[in-house]
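Asker: Read off the chains here:
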Amino acid sequence: MKKSLLITVVFGCLFVLTGLFLSAPALATWVDKGSVEGIWSCWYWDWVEEGGPSLFDAGDAMERFDRLVSDDTYTSYAQEWEYDNHGPPQNPASWWGHCHAWSGAAVWERQPPRYKVVRNGTTGVQVKFRVRDRKGLMCEAYDEDAYASVADFMISQPDPGLMWSWLRAEIKGIYPMWGKKRGFVGELYYGDEVWNYPIYKYKVVYDWDSDYGYYGTMTIWGASDGRPEYANSTDLYSMKLTYQFWGVQVDENGWPINGEWVGTGPQSRPDSIWRPQYPTTWETYLGNPWLYNDALNVILFNKQK
Amino acid sequence: MGSSKRHKWIRHGLFLLMISCFFTALGEVAAALDAPPAWSPGQWWVVESQTYNTGKIRRGDTPGWEPKVGWRFQVEGTEDLEGEPYYVVAVTSLEGNKCAYTFRYWFRVSDRSVGRREVRHPPRDPEVQKDIGPPVVARSFNNNPNPLSNFEFPALPATIPVFSSQAQASSAGAHLKLSRRTQATTKISTEDMKGRADSVFMAKVGAHVTPDSSLVEISQGRVVESQYWNAGLPWCVYGEQSDKTFTSRRYWLVDMGSD
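Residue numbers (the working numbering), protein chains in the order written: chain A, 1 to 305; chain B, 1 to 259.
Heads up, a few of these hints could be off.
As the list claims (entries may be wrong) - Simulated coverage check for chain B against chain A, where a stretch passes if three residues somewhere in it have a Cβ under 8 angstroms from a Cβ of chain A:
| no. | region |
| --- | --- |
| 1 | 75-82 |
| 2 | 95-101 |
| 3 | 118-126 |
| 4 | 129-140 |
| 5 | 148-161 |
Stated by the list, open to error - Sample of chain B residues with no beta-carbon within 12 angstroms of chain A, all distances over it, derived:
| no. | residue |
| --- | --- |
| 6 | P37 |
| 7 | Q43 |
| 8 | E66 |
| 9 | V88 |
| 10 | A90 |
| 11 | S199 |
| 12 | V205 |
| 13 | E217 |
Derived by calculation from the structure, the hints in this document are not laboratory data. Glycine is no exception: its CB is placed at the ideal position from the N, C-alpha and C atoms.
All chains, full assembly: derive it from the sequences and hints.
Answerer: See the structure below:
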């Protein structure tokens with residue numbers, strides 16, 4: 001009995017030691033990760049006629065807005081403006097849409113939690129704004145957000161060290177600009193097209209080598225706008241990209257700097273990272289001039305009895 | 001030679017090496033810097049800045065310079081930070097500038113290095129917007145801006161060289177290493193300085209201009225801030241921020257005065 005116990009212990013120890021030996025390379029790597037709450041998914045509301053839903057479509061956000069605010073003496077043309085300026089007359093490519101506007105809104109605004117029925121006190125007209133309509137209006141209210149002159153930050157083609165530093169600062173929250181952690185936007189198509197996503201999570205698996213500095217993989221998660229049904233949902237649908245990097249150094253304060261990305265494909269590296277300053281009203285970054293603050297305040301206000 | 005004796009000589013050698021490094025660095029510092037601009041409470045100046053739109057964030061945008069936005073810098077007074085005097089400078093956006101934030105910077109009196117920054121931002125409706133956090137967010141830089149600070153608020157040109165407090169002349173191209181930040185100063189002619197400046201402003205403040213003009217290049221990581229200074233003016237007359245691929249912002253001193 002005693003002998004069999006001894007054998008069991010010895011073989012058990014050998015098993016554990018073998019396991020530790022085999023997993024040594026994995027144990028040698030480090031992991032850095034962080035995440036923020038509250039980022040939401042949407043649809044990018046394309047500009048083309050034959051694509052998915054567009055904000056100018058009959059029955060969608062702009063038409064509902066027009067229906068609510070128009071009366072005998074005032075006619076709203078938000079839908080028409082949207083079609084002319086964010087629609088087919090602009091000869092858009094199929095990927096043109098509102099991803100930059102949604103991304104900014106998803107970073108700063110609460111996700112509309114449910115539909116809302118709004119009544120025009122003058123006409124008595126009642127219009128139901130679904131979650132997708134409320135998100136669509138927010139997108140249009142953020143249309144002019146993507147400029148460096150109104151940005152918290154905007155960095156074109158960040159190197160791996162800089163990207164990692166911003167992830168640590170803002171999403172891990174070790175040095176956030178606004179005193180608490182917050183997501184930011186990544187334009188994640190390295191090439192001519194523009195694909196913005198609000199980034200809410202990251203994981204860097206890395207190691208160090210005297211020749212290559214810090215190297216490893218950087219995985220980022222963004223909310224997705226890849227399917228029309230995301231617009232009407234309050235679930236978070238995510239997209240994930242993994243980049244490879246090497247050559248990152250750490251400065252005297254512990255911030256990752258420099259480095260090189262591996263690969264040159266459209267998803268081999270972030271094209272830009274940025275975040276708009278938050279707007280003080282719904283008109284700060286408004287694209288469609290037929291929308292206005294008083295009405296948007298009522299439609300987008302979340303508290304419902 | 002015994003072991004303890006050898007260690008003693010090694011210690012002496014290291015000490016002498018440290019001393020020589022210190023004096024070498026000190027000589028470089030003194031050679032690289034100019035006197036700080038003259039500031040006083042109540043003094044103000046206006047800087048107009050422009051940022052470059054790469055056309056890569058918003059579909060269909062054409063690359064080019066965005067419209068200029070104005071910033072007013074005002075010296076509010078001096079305050080001590082950790083026993084050293086600092087100028088407190090308030091920075092506010094002028095009409096047409098959509099930035100809703102106001103800023104205060106603490107510039108050390110002796111060399112104008114930035115010790116602290118405060119951002120005040122207006123509240124919004126918490127029923128709609130996520131919690132923004134405290135209305136005033138302060139950051140201490142300990143006179144050593146981190147690599148992220150170069151990119152914060154890209155339209156606000158608040159980067160400033162570190163100046164010598166001893167008013168020594170700088171030599172062309174001399175380099176000063178500030179941790180990962182590097183600064184190079186080159187003497188330039190008044191004409192070269194004026195060539196970069198806002199011409200209307202130059203005509204207005206001609207009497208303040210001195211023969212002492214410099215081009216200062218401040219590098220940190222991949223970012224280079226190039227600034228044209230004149231010793232008689234409170235801020236650089238022209239500056240631009242560039243990285244490996246393009247110039248991302250440029251700015252001009254366009255007005256100055258005192259309340």
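Asker: Cut-off 8 angstroms, C-beta pairs, minimum 3 residues; does the coverage of the region 148-161 of chain B by chain A stand?
Answerer: holds (count 6)
Asker: V88/B clear of chain A by more than 12 angstroms, beta carbon to beta carbon?
Answerer: Check passes; 20 angstroms lies beyond 12 angstroms.
Asker: Beyond 12 angstroms from every chain A Cβ: check whether that's true for P37/B.
Answerer: P37/B is indeed farther than 12 angstroms from all Cβ atoms of chain A, at 26 angstroms.
Asker: Examine the region 118-126 of chain B: at least three residues should have C-beta closer than 8 angstroms to a C-beta of chain A.
Answerer: holds (count 5)
Asker: Holds or violated: is the Cβ of V205/B farther than 12 angstroms from all Cβ atoms of chain A?
Answerer: holds, 26 angstroms
Asker: Any Cβ of chain A at or closer than 12 angstroms to S199/B, or is the non-interface label fine?
Answerer: holds, 23 angstroms
Asker: When I compare C-beta atoms, does the region 75-82 of chain B have three or more residues closer than 8 angstroms to chain A?
Answerer: This one is violated; 0 residues, fewer than the three required, reach chain A with a Cβ under 8 angstroms.
Asker: Minimum Cβ separation between E217/B and chain A greater than 12 angstroms?
Answerer: holds, 19 angstroms
Asker: A90/B: least C-beta distance to chain A exceeds 12 angstroms?
Answerer: A90/B clear of chain A: closest Cβ-Cβ about 18 angstroms, beyond 12 angstroms.
Asker: Count the residues of the region 129-140 of chain B whose CB lies closer than 8 angstroms to any CB of chain A, then report whether that count reaches three.
Answerer: holds (count 7)
Asker: Find the nearest Cβ of chain A to the Cβ of Q43/B and say whether that gap is larger than 12 angstroms.
Answerer: holds, 26 angstroms
Asker: Are at least 3 residues of the region 95-101 of chain B within less than 8 angstroms of chain A when you compare beta carbons?
Answerer: Holds: 5 residues of the region 95-101 of chain B have a Cβ under 8 angstroms from chain A.
Hints 1, 8 from the list above are not met by this structure, while the remaining hints are.
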